[in-house]
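Using the sequences and the hints, build the whole thing.
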Amino acid sequence: GAVVSQHPSWVICKSGTSVKIECRSLDFQATTMFWYRQFPKQSLMLMATSNEGSKATYEQGVEKDKFLINHASLTLSTLTVTSAHPEDSSFYICSAPKKTVFYEQYFGPGTRLTVT
Amino acid sequence: AQSVTQLDSHVSVSEGTPVLLRCNYSSSYSPSLFWYVQHPNKGLQLLLKYTSAATLVKGINGFEAEFKKSETSFHLTKPSAHMSDAAEYFCVVSPNTGTASKLTFGTGTRLQVTL
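Order-wise, the sequence lines are chains A and B. Take the first sequence: its position 83, counted from the start at 1, is 83 in this note's numbering, and no numbers get skipped. Take the second sequence: its position 43, counted from the start at 1, is 43 in this note's numbering, and no numbers get skipped.
No lab work stands behind these hints, which were simulated from the structure alone. Owing to the predicted nature of the structure, the values given are computational and were not obtained by experimental measurement. Glycine is no exception: its CB is placed at the ideal position from the N, C-alpha and C atoms. The hints are all genuine.
Capping the alpha-carbon separation at 16 angstroms, the derived lysine to aspartate or glutamate pairs in EDC-like fashion look like this: (1) A:Lys98 / A:Glu52; (2) B:Lys102 / A:Glu104; (3) A:Lys64 / A:Asp88; (4) B:Lys42 / B:Asp85; (5) A:Lys20 / A:Asp65; (6) A:Lys41 / B:Glu88; (7) A:Lys66 / A:Glu87; (8) A:Lys98 / A:Asp27; (9) A:Lys66 / A:Asp88; (10) A:Lys55 / A:Asp65; (11) B:Lys102 / A:Glu59; (12) B:Lys49 / A:Glu104; (13) A:Lys14 / A:Glu87; (14) A:Lys41 / B:Asp8; (15) A:Lys99 / A:Asp27.
Restraint-style ranges between C-beta atoms, simulated for each label pair: (16) A:Ala72 / B:Thr77: 38 to 48 angstroms; (17) A:Glu63 / B:Ile60: 31 to 41 angstroms; (18) B:Asn61 / A:Pro109: 11 to 21 angstroms.
One-sided and incomplete, this derived list gives chain B residues near chain A with beta-carbon spacing under 8 angstroms: (19) Phe90; (20) Lys102; (21) Leu103; (22) Phe105; (23) Gly106; (24) Thr107; (25) Gly108.
Rendered as structure tokens:
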């Protein structure tokens with residue numbers, strides 16, 4: 001298999017501050033990574049596609065200036081929630097595709113963000 | 001375009017009885033289909049995947065699913081439920097284009113297993 005890590009696993013921040021979440025592919029390279037958010041008892045909603053060496057692609061309705069994505073290297077993508085508000089509190093999950101016979105997505109363990 | 005419909009938001013079974021979680025899909029492509037499981041406050045774990053090979057797919061922990069193109073279904077089954085199977089299950093579709101495509105998630109089915 002392949003391993004994707006996220007850091008931190010949970011974070012509490014005050015309203016108005018910014019929080020950075022890291023997603024790393026530990027044993028493979030990923031030119032593309034995906035960021036999802038999940039509200040309690042709901043499904044995962046794709047927020048954006050992170051592309052190494054180019055701008056991220058955001059899904060409709062996701063504010064790109066609020067959720068800054070940087071794909072710094074072939075193994076690291078970061079999501080920064082800027083000027084966080086309580087409604088940004090959620091579970092954020094990243095995934096990275098690895099090609100064997102076909103592309104399979106490997107998911108990180110998620111980051112629980114609570115904005116107070 | 002692609003979409004996934006999980007027909008039951010909540011399923012409750014007794015330990016030792018069969019599990020059936022239903023999923024229907026829609027895709028413009030010949031899709032890849034997946035079932036993922038998520039335990040509380042945890043990430044997602046792949047149970048099994050269909051990628052245009054055998055239509056009956058066996059996964060981990062005794063789960064299996066059958067791809068039925070005529071019914072556009074990919075239902076997840078297990079002969080005998082265990083308490084540890086209690087979790088949220090997601091049916092997921094991806095275009096089988098050979099590229100790192102976006103996944104589309106169903107709304108999830110919460111499986112409850114009782115004694």
